[in-house]
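Asks: Okay, here's what each chain looks like letter by letter:
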Amino acid sequence: MIYQISVFLENRAGQLAEITGLLAKNNVNIRAISIAEASDYGVLRMIVDDAEHASAILLENGNVLSMTPVSVVAVPDRPAGLADVLAVLADAKVDIEYMYSILAHGNETAYMVFRVSDDEKFANAINGKGLRIAEKAELGLK
Amino acid sequence: MEKRYYQPEVETASREQIRKWQSERLVKQVKHAWDNVPYYRKKMEEKGVTPDDIKSVDDLHKLPFITKADLRDAYPYGLVGKPLSECVRIHSTSGTTGKRVMAFYTQHDVDLWEDCCARAIVAAGGTKEDVCHVSYGYGLFTGGAGLHGGSHKVGCLTLPMSSGNTDRQLQFMTDLGSTILCCTPSYAAYLAESIKERGIKDQIKLKAGIFGAEAWSEEMRRDIEQQLGIRAYDIYGLTEISGPGVSFECEAQTGMHVNEDHFIAEIIDPETGEVLPEGSKGELVFSCITKEAFPLLRYRTRDICVLNSEPCPCGRTHIKMSKPMGRSDDMLIIRGVNVFPSQIETVLLEQGYQANYQIIVDRVNNSDTFEVMVEMTPENFSDSLAKIAEMEKSLVSALKAMLGIAAKVKLVAPKSITRSEGKAVRVIDKRKI
Ligand SMILES: [Zn+2]
Chain A
1 MIYQISVFLE NRAGQLAEIT GLLAKNNVNI RAISIAEASD YGVLRMIVDD
51 AEHASAILLE NGNVLSMTPV SVVAVPDRPA GLADVLAVLA DAKVDIEYMY
101 SILAHGNETA YMVFRVSDDE KFANAINGKG LRIAEKAELG LK
Chain B
1001 MEKRYYQPEV ETASREQIRK WQSERLVKQV KHAWDNVPYY RKKMEEKGVT
1051 PDDIKSVDDL HKLPFITKAD LRDAYPYGLV GKPLSECVRI HSTSGTTGKR
1101 VMAFYTQHDV DLWEDCCARA IVAAGGTKED VCHVSYGYGL FTGGAGLHGG
1151 SHKVGCLTLP MSSGNTDRQL QFMTDLGSTI LCCTPSYAAY LAESIKERGI
1201 KDQIKLKAGI FGAEAWSEEM RRDIEQQLGI RAYDIYGLTE ISGPGVSFEC
1251 EAQTGMHVNE DHFIAEIIDP ETGEVLPEGS KGELVFSCIT KEAFPLLRYR
1301 TRDICVLNSE PCPCGRTHIK MSKPMGRSDD MLIIRGVNVF PSQIETVLLE
1351 QGYQANYQII VDRVNNSDTF EVMVEMTPEN FSDSLAKIAE MEKSLVSALK
1401 AMLGIAAKVK LVAPKSITRS EGKAVRVIDK RKI
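Sequences listed follow chains A and B, in order. Each residue of the first sequence is one higher than the one before, starting from 1 at the first, in the numbering used here. Each residue of the second sequence is one higher than the one before, starting from 1001 at the first, in the numbering used here.
Keep in mind that a hint or two might mislead.
Claimed, not checked - Examples of chain B residues toward chain A, derived with CB under 7 Å:
| hint | residue |
| --- | --- |
| 1 | C1087 |
| 2 | P1378 |
| 3 | K1410 |
| 4 | L1411 |
| 5 | A1413 |
| 6 | P1414 |
As the list claims (entries may be wrong) - Which chain A residues face chain B? A few, computed with CB under 10 Å, are given here:
| hint | residue |
| --- | --- |
| 7 | N11 |
| 8 | R12 |
| 9 | A13 |
| 10 | A36 |
| 11 | Y41 |
| 12 | G42 |
| 13 | E52 |
| 14 | K93 |
| 15 | Y100 |
| 16 | S101 |
| 17 | R115 |
| 18 | G140 |
To be verified - Away from chain B, derived, C-beta distances all over 10 Å, residues of chain A:
| hint | residue |
| --- | --- |
| 19 | A17 |
| 20 | G81 |
| 21 | L103 |
For the record, the hints were derived by calculation from the structure and aren't laboratory data. Given the structure is predicted, the values throughout are model-derived calculations rather than measurements. No residue lacks a Cβ here, since even glycine has one placed at the ideal position from N, Cα and C.
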């Protein structure tokens, strides 16, 4: 299972730089990042190479966070690659809460991080259509 | 459940009877203060009131207030109504804020005070079969002496433990099988924790606790009750008025019955001094109508409460006061509504936030702005913005329900609310009035 680290962001300049700086100092590699914002606060969502280590550091430094299970799908890196994946999920009636892309290692494949309403339904939909869920190793995650 | 009272004829008297006692005793007490307390007589004269103007409880509002400042001015003997040869005891506050308060008692005063504490012990289920473990401090503080005396009156085996020395507390508690614990709620929580750590819960025979002299929340009550396997009862009092037992909780645990045959309670608007109707939130004022040595009339407690005289399932007819919701000194007036920081604290704890918050009040275009900064907690955090927004909305409506006006909530990172010298600044009022 791949875990996303979700961190509470208050509406304050510099907090994001503090968090990324802290992770850099501790040799944590951020593989994907996405920010959701409301007017007064936000949620920073990250996939990092060592989630356990990173969350310990962030907690020590007084952040509020949660570990959120997500699915990462290998998306064919060609026109309509993502559109096909989304069509599959729409057919299977899987609700997507949010999604964002992850930095790819190879050239053939792109990766998308999905947070969905029903993980099992999601996995069945993806696997049944010749698509695949990515493993930690190919993403460089511990 | 069988109803038990220490003085049933008093505690379950009709409202009319209570009122009759109050009127008779008030008239007598005003005369006593006029004759024997020159300081109060002068205050009455300044207000143009004489004992002849006070014919019943209805006239109570005509009397001048006594405030903490009066106690300071009159320190130490200025409000004493009996020759010192008639006084047998003093008690005193710790004096953390300004000069200490010193209260005097005749033997009669001590007797009536102990009756009040005995009522509290019986309301908590106490009988002569009980072992009453008194861990309030003994000495100048009223806690130890009050519950000690009450426990004697009930006929409990009384353990005068005083506070501190946890090892000895727990040894006596297990060896003698203490059944009722009297102490501050924070000490009760500490003892509960120690019992758990030592794994001696099965040797503890406690069934009830009488906890007061400190503010404590419903949540803390549930924790203590669960950890010690007891019912935890609140008790209220202040040295100026006698000590613990001015009011106490019954099995209903929905407010504290004021011992109205000895103390008349009023709720006033802390700004204007006007008496407010029952059910209003305001400053609690007590008149002692039976005390000889320290006959304070209309003493302003600074505690903010609500009174309620609806019939109580326990059968007691004396009016109930809510747990103090704050101090009138802390009161803010926002858009014409009285707001107490402690009310905000209550809501935050109920909603799973820390009690670390900051209120920012300002005036923009002649209208008050009211913002509450609240620290996000792991429990209320989610990776979903919609869920955070939902929690925030529920906090906003709970605050509105409690305060009667809308506040803007601003969620901030944990530990980001400024603390100066370890103490958080709770209120920033930027209005230039
Ligand atoms: Zn009752």
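Asks: Work down the list of hints and note, for each, if the structure agrees.
Replies: Structure-based check of each hint:
no.	hint	result
1	C1087	violated, 56 Å
2	P1378	holds, 5 Å
3	K1410	holds, 6 Å
4	L1411	holds, 5 Å
5	A1413	holds, 5 Å
6	P1414	holds, 6 Å
7	N11	holds, 8 Å
8	R12	holds, 8 Å
9	A13	violated, 13 Å
10	A36	holds, 5 Å
11	Y41	holds, 5 Å
12	G42	holds, 8 Å
13	E52	violated, 16 Å
14	K93	violated, 19 Å
15	Y100	violated, 12 Å
16	S101	violated, 17 Å
17	R115	holds, 7 Å
18	G140	violated, 22 Å
19	A17	holds, 14 Å
20	G81	holds, 26 Å
21	L103	holds, 20 Å
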